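Undergrad: Here are the chains, one letter per residue:
Number of protein chains: 2
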Amino acid sequence: MNMEKEIVTLLHGAGGSYMNSLIKDVFLGLYDGYGEIGLNALDDGAVINNIIFTTDSYTVRPIFFKGGNIGRLSVTGTVNDVAMMGGQPIALSLGVVLEEGFPIQDLKKITDGILSTAKEAGVHVVTGDTKVMERGKIDGIIINTAGIGVRPSQLDHNIQNLRKTREPKNWLVPLNLRPGDKIIVTGTIGDHAISILSSREGIGFEVNVSSDAAPLNRTMLNVMEVGGVADAKDPTRGGLADLLNDWAEKSGLGIYIKEEKIPAREEVKSAVEFLGLDLLELGNEGKAVLAVSPEYENDVLNALWSDPLGKDAQSIGEVRKDIEGVILETIIGGKRYISRPIGDPVPRIC
Amino acid sequence: MNMEKEIVTLLHGAGGSYMNSLIKDVFLGLYDGYGEIGLNALDDGAVINNIIFTTDSYTVRPIFFKGGNIGRLSVTGTVNDVAMMGGQPIALSLGVVLEEGFPIQDLKKITDGILSTAKEAGVHVVTGDTKVMERGKIDGIIINTAGIGVRPSQLDHNIQNLRKTREPKNWLVPLNLRPGDKIIVTGTIGDHAISILSSREGIGFEVNVSSDAAPLNRTMLNVMEVGGVADAKDPTRGGLADLLNDWAEKSGLGIYIKEEKIPAREEVKSAVEFLGLDLLELGNEGKAVLAVSPEYENDVLNALWSDPLGKDAQSIGEVRKDIEGVILETIIGGKRYISRPIGDPVPRIC
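Protein sequence lines, in the order shown, are assigned to chains B and Y. Quick note: UniProt numbering has the first sequence finishing at residue 350, numbered continuously throughout. Quick note: UniProt numbering has the second sequence finishing at residue 350, numbered continuously throughout.
The shape of chain B in the complex, shown without the other chains:
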């Protein structure tokens, strides 16, 4: 990157290859060697003193959408980042930046969304900060939440079971992946991105799809109680395509998935076709992707199917050492490489 001339583009926020290089070129310079899982892991969060610590800023538009609002999202996004490491979220911080003129009533609706979603997850907002910027200097509202999580006994149990087949790390991380691990998606893909698009004015299409935004921490406790979960990640910005490439890159292994197995609503599939999008690049806010030791595959699926947030779970592929990168077997039997998305099919979905 030629830093003297470069500027930030929307691609740098798109959860794909550009964002990846911005993070590596600029933010990774902040890594100073600290942390059981530190900044250099570029994972959903860090682990220090056995505490999980994570943060996300939320700039979603519109702020109220089918199935949620920016308040609900600012809880689920951060809760899920903690949960994907294997942690149990306990506390959130809340940083709100408002535009002069923002309606207090809307702010109240947003804090209602925060409170109800926090209760759903069993997490608590314990500290906060408010800033106001002049009219025109910020688009309404942006929210940052940071989350703290602790180590649940279910994670110990899961890691213990994982020891039967490998030398696992102490948390759910990509380095735990082994050839043969099954890739399980906890439900339908693309709902959040399509809901956001459909909630936007002037897009010219409307579908009856609600955002899947939901806290997955209880679901994660259930599957870790079964055991054999090597890693978990939530396919947010960049979708499945970015997530699976991240796994392949960090584990040094290949990922093979079958298109026909990927769960998606008919309305979402139609919208994807109509709008010329790639289902695999769409962001989700209530789904996890699990890499599971094969002997636990059925039990994990059964646990998911008995959970409202996992009822559409599917095993979509596996980790392989004989291939590199991410390969999709298409419905008609062809194979194609899936790379990290470059742009963002739907900007500002979170």
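Note that these hints are calculated values from the structure, not bench results. Mixed in with the good hints there might be a few duds.
To be verified - Among the chain B residues that face chain Y by a calculated CB cut under 8 Å, a handful are:
{"hint": "1", "residue": "MET19"}
{"hint": "2", "residue": "LEU22"}
{"hint": "3", "residue": "LYS24"}
{"hint": "4", "residue": "PHE102"}
{"hint": "5", "residue": "ILE138"}
{"hint": "6", "residue": "ILE148"}
{"hint": "7", "residue": "LEU175"}
As the structure is a computational prediction, the values presented were derived from the model and not from experiment. We put the beta carbon where it would ideally sit given N, CA and C, even for glycine.
Start from chain B and add chain Y according to the hints.
TA: Coordinates of chain Y only, in the frame set by chain B:
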């Protein structure tokens, strides 16, 4: 507050009475009873599981100013919030929201400021998030940091010494204040706000004052090592005026301070006079105000004077039970009540 018609104004971000009511009317609704020091304390941070947790968003303009930049500020502000509770900061999260078109070179300067200041404080950036908003949707860059702190042995020592004169809480909180406690300011007041003003174009005045932005956690360890510190707060937005009113309100005691004792640079005093500002309402980013049990006053002052960040420390007044609110004895001997500021003399200083 009539929520249906109310909108957010700049006053709501000004660290005074309006912000106070916004927090109480809207954000306090998020309190669910959780935390050793919870959201309802409206303190610099929360305490959960013996961990301090705090957050701040930074919207300062200009982003580069005399004595610092938004990166340095985003470390010092959050580190100081942890330190003011008596904690030792260990880890920071970093949420960056950028405007499309922001120069990468400026971003690099900012992360350099973050890294060097984190080293100065002995704290580590361990996790982060980046978002990009479309051109015109946000004014360049805003940063959020959240901080985690642990309990240092110096705090145990300090609380132990405080037991000689009262039944203290377990952390540095306003409820520890007792009549007779001395109010100590660790240095000159107003430097940050005047530096920011002077760094702005079109203000029509320029003074050679640098921001005081500095991490105070080591200074706090030094004074807690002495002991007798009942509470500490940093006079950021709203300045001394807001801080002292906060103490009076939360402790139910009065505060009496002497104008002649308040340390301030000549350049700052001149600027305050020239611009018609109130010194007591100006924000600071490298100063603490301590309430100290009287028998420790001299030792705390001596400890501060041997610390570069406390060399201009002064005892400026005391906590009293025979008065209500905050009273200033002016240089000419008059007395006037100091109330929480309504507006912000210098908006967006942090």
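Undergrad: Please go over all the hints and tell whether each is borne out by the structure.
TA: We went through each hint and held it up to the structure:
1. Interface hint at MET19 of chain B: satisfied, since its Cβ lies 6 Å from the closest Cβ of chain Y, which is below the 8 Å cut-off.
2. Taken as an interface hint, LEU22 of chain B checks out: its beta carbon lies about 7 Å from the nearest beta carbon of chain Y, inside 8 Å.
3. Interface hint at LYS24 of chain B: violated, since its Cβ lies 12 Å from the closest Cβ of chain Y, which is beyond the 8 Å cut-off.
4. Among the interface hints, the one on PHE102 of chain B holds; its C-beta lies about 4 Å from the nearest C-beta in chain Y, closer than the 8 Å criterion.
5. For ILE138 of chain B, the shortest C-beta to C-beta distance to chain Y is roughly 5 Å, which falls under 8 Å, so the interface hint holds.
6. Proximity of ILE148 of chain B to chain Y holds as hinted, the smallest CB-CB distance being about 6 Å (cut-off 8 Å).
7. The interface hint given for LEU175 of chain B is broken, as the beta carbon of that residue sits about 17 Å from the closest beta carbon of chain Y, more than 8 Å.
Hints 3 and 7 from the list above are not met by this structure, while the remaining hints are.
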